[in-house]
Amino acid sequence: MARKEIVLEWKYLNDVSGGVLYYVNGEEIGEGENGFTIFLERLRSVNIGTEVIIRYDFVVSSGGEPFEAIFPFSRRQHELDEVIKQKNLSLKYEVK
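Oh and the sequence shown: position 85 is 85 in the numbering used here, straight run, nothing missing.
Don't take every hint at face value.
Stated by the list, open to error - Cross-link-like lysine-lysine pairs, in silico, DSS-like; alpha carbons within 25 Å at most:
| id | residue 1 | residue 2 |
| --- | --- | --- |
| 1 | K4 | K92 |
| 2 | K11 | K96 |
| 3 | K4 | K85 |
| 4 | K11 | K92 |
| 5 | K96 | K4 |
Stated by the list, open to error - Distance windows between CB atoms, simulated:
| id | residue 1 | residue 2 | range |
| --- | --- | --- | --- |
| 6 | N47 | E27 | 16 to 22 Å |
| 7 | F58 | E28 | 19 to 25 Å |
| 8 | N14 | L91 | 27 to 33 Å |
| 9 | K96 | L40 | 32 to 38 Å |
Don't read these hints as lab results, they were simulated from the structure.
Glycine is no exception: its CB is placed at the ideal position from the N, C-alpha and C atoms.
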């Protein structure tokens, strides 16, 4: 039976680059822009109607964090939205 969900997570690298390491369903897929590109490629291959879960760490701040601070792929959000629409996927944001 095919998996009905795909989960994207990431962790920030402990270096001065501010880079991110992406994971899909617990599997490391790549770093930075390349990692997010791999994620988008995987999304294009899932079944129509698959649930896409963006799982992120809860962030507390006095003024609220901007989207860009919480989601390292915010600059490419439009690409994610396009694939979601093309494949008729459902999108859910989930706090770890």
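Of the hints stated earlier, which fail here? Hint 9 is the one this structure does not satisfy, whereas the remaining hints hold.
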